[in-house]
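Colleague: Going line by line, the protein sequences match chains A and B.
Be aware that the first sequence starts at 8, since it is given in my numbering, and climbs by one per residue.
Be aware that the second sequence starts at 355, since it is given in my numbering, and climbs by one per residue.
By construction, these hints were calculated from the structure, which means they are not laboratory data.
Don't take each hint at face value.
Computed cross-link-like contacts, EDC-like style, restricted to lysine to aspartate or glutamate with a CA-CA straight-line distance of at most 20 Å [as the list claims (entries may be wrong)]: (1) K29/A / D401/B; (2) K635/B / D197/A; (3) K88/A / E603/B; (4) K88/A / D393/B; (5) K228/A / E731/B; (6) K591/B / D25/A; (7) K663/B / E633/B; (8) K94/A / E580/B; (9) K9/A / E30/A; (10) K228/A / E611/B; (11) K440/B / D401/B; (12) K591/B / E16/A; (13) K527/B / D485/B; (14) K624/B / D93/A; (15) K228/A / D604/B; (16) K624/B / E114/A; (17) K94/A / E599/B; (18) K631/B / D93/A; (19) K400/B / E390/B; (20) K701/B / D93/A; (21) K591/B / D93/A; (22) K591/B / E30/A; (23) K228/A / E389/B.
This is what each chain is made of:
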Amino acid sequence: MKVLVIEDESELQGVIRDALSKEGYLTETAGNFDQALDKIISYEYDCILLDIMLPGGSGLELLSEIKKSNKKQAVIIISAKDSVEDKVSGLDMGADDYLTKPFHLAELNARVKSAIRRQNQHGDHKLHWRNIILDPDNRTVFINQEEISLNRKEFDLLYYFITNPERLINKTSIAEYVWGDYMEQASSLDFVYSQIKNLRKKLTAAGADGDIQSVYGVGYKIS
Amino acid sequence: MQRRSLKNYTLRYLVVAILAIIGVWAAAFYLVVIEEVYDNIDDGLKDSRHRIISEAGSDPEILNTGEFGITQFKITGLPGAHHDTKTQIYNSELYLPQQDDKTSVRILETIFKNGRQYYRLEIYTSTVEEDDLLEDLLIALAALYVALVVSIVMLNHFILRKAWKPFYKILDKLGGYRLGSSRKFDRSDPRIIEFNNLEEALEAMMERNETIYSRQKQFIENASHELQTPLAIAANKLELLMENEQLTEDQLHKIEEVNNTLHRLKRINKSLLTISKIENKQFQTTETICFNVLLTQLLEEYASLVQFKEIRITLEDRGTFEVNMNRDLATVLVSNLLKNAIVHSGKGRLVEISIAPGSFLIKNEGDSPLNTALIFERFHKGGQNEHSTGLGLSIVQSICNLYDNILLKYDFRNGHCFEIIMHKPV
């Protein structure tokens, strides 16, 4: 799987590259408009992370270039601009997702994974991890081929863990991903704990081959 | 301090001033006229004296006029050999049988010599007209005064109204002026130089303020924007670091603490950006939002949190509350209010929500009223929660300020009631 990171901030570029490499992606980077255009034309990627504001041109121009090329590649816009217009115009122009800086790396992972999965039109959209199968389209979960019932938030939670397997995800990241901006206080972390406890109970009861573990109280990890 | 309108203010001084001027003028005029009148009378008396004395020379019969009769003079013979032939004129009162009353008179008294004999001659002339004159004068002056005041009131009224018309127009426009509304101050170019100058000065001032204001807003927005990337880098690097298997528990906790602080910074920054965007009117699109539907969706979002905190929520639905506004802002508005109520409710507390046409109310239990001057202030915190950004209610208020058709109210009625009401534009 090849991912192109188009981001002018070299530090951020580095962090993203490291995070994606850990997930086993082959990561290439471009720091400005011309470099990016060059790579887009010359190669094919599974996913392109695209910053809107670039030295030498707009990321949206690159986006239309990508769409013209007719290659099957997912595009996720990463931007510091959290304006509705930007989001709408980006998505209208064919971007698959829009991620606002600052974001959690685990969230980036989840987004990249689901963007690539959606891109793969004929393939299996389901996520497999050990004996757990997640079907994001129908929002169903199977363990040992048996469907288990999860509520919406529990599903999102499990999805987040499955897309970041064996990785430590910190509590604020989980709270933000699943409950978004609604969570803003200290008690939210106890709340996350209680929600994960519920999910764990259901997974264990269904005989899942793997468990969500607390890591020193700072976060959780599925393994 | 009692305040008066410009018209009454000037009028008050004018009326007093005119009264004083007319009073002084009347006194002076009276003195001059009286002087002239006496001068005239005295001339007449002197003329009579002259005629009577010369007449007495040729007709001694006249010397026997011992009483004031129809002749208006009397002559009294004086014994003695020598008398000063001096003349004096004075005012006196005299009983006149024809009028059967005392009357004011001016008397000329002189002593003259006819042959060897000295006589005293007294001539009088009635001065009753003088009082009439004074009376007439006073009446005339009073009439003049009234006429002057009335015409000044009228003139004042019309002239001031006409002259100050541009001023009231400017005042009206200023009243409707909002900083940052980007609505230009339209000049009416009055013909009066002072008002024209006023308009110019106002326009310049507004332009200056607008520039400063928009620069400041721009600065906050840019600063928040510029902070996003470094924040992202720092947070993401920490996340990568946390995945390092060799870290001890203690180190991991330290990193987590830094991470939490960074997270708080991110949230504050994000909230500031949101406020700044609301105030910069970057949420343009509007649609009819049904708060009932929105609330149901959000309650679902919060359901597990509510359950976790063991908060009871009651919903009283008495009709649909619909507002024409931006969908994202409506969501932020309702969720911030809901979040506020949930966050500030302890275990087992009650949150009451009621929706009716034109009113949306969220009430959470509380013991004492909040300081209304502070609750919507940015960065004001109730004290107990160090994790709150202190911006949630500020955002709510910014949103309500953005729209003319809704109004945010807080009161304390055995609990904290935050209410959004439909505001009929006037």
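Colleague: It remains to establish, for every hint, whether it holds in the given structure.
Modeller: Hint-by-hint comparison with the structure:
no.: 1; hint: K29/A / D401/B; verdict: violated, 139 Å
no.: 2; hint: K635/B / D197/A; verdict: violated, 37 Å
no.: 3; hint: K88/A / E603/B; verdict: violated, 36 Å
no.: 4; hint: K88/A / D393/B; verdict: violated, 101 Å
no.: 5; hint: K228/A / E731/B; verdict: violated, 40 Å
no.: 6; hint: K591/B / D25/A; verdict: holds, 9 Å
no.: 7; hint: K663/B / E633/B; verdict: violated, 34 Å
no.: 8; hint: K94/A / E580/B; verdict: holds, 19 Å
no.: 9; hint: K9/A / E30/A; verdict: holds, 11 Å
no.: 10; hint: K228/A / E611/B; verdict: holds, 18 Å
no.: 11; hint: K440/B / D401/B; verdict: holds, 16 Å
no.: 12; hint: K591/B / E16/A; verdict: holds, 14 Å
no.: 13; hint: K527/B / D485/B; verdict: violated, 60 Å
no.: 14; hint: K624/B / D93/A; verdict: holds, 16 Å
no.: 15; hint: K228/A / D604/B; verdict: holds, 18 Å
no.: 16; hint: K624/B / E114/A; verdict: holds, 17 Å
no.: 17; hint: K94/A / E599/B; verdict: violated, 37 Å
no.: 18; hint: K631/B / D93/A; verdict: holds, 13 Å
no.: 19; hint: K400/B / E390/B; verdict: holds, 15 Å
no.: 20; hint: K701/B / D93/A; verdict: violated, 41 Å
no.: 21; hint: K591/B / D93/A; verdict: violated, 27 Å
no.: 22; hint: K591/B / E30/A; verdict: holds, 16 Å
no.: 23; hint: K228/A / E389/B; verdict: violated, 119 Å
In terms of the numbered hints stated before, the structure departs from hints 1, 2, 3, 4, 5, 7, 13, 17, 20, 21, 23, listed from lowest to highest.
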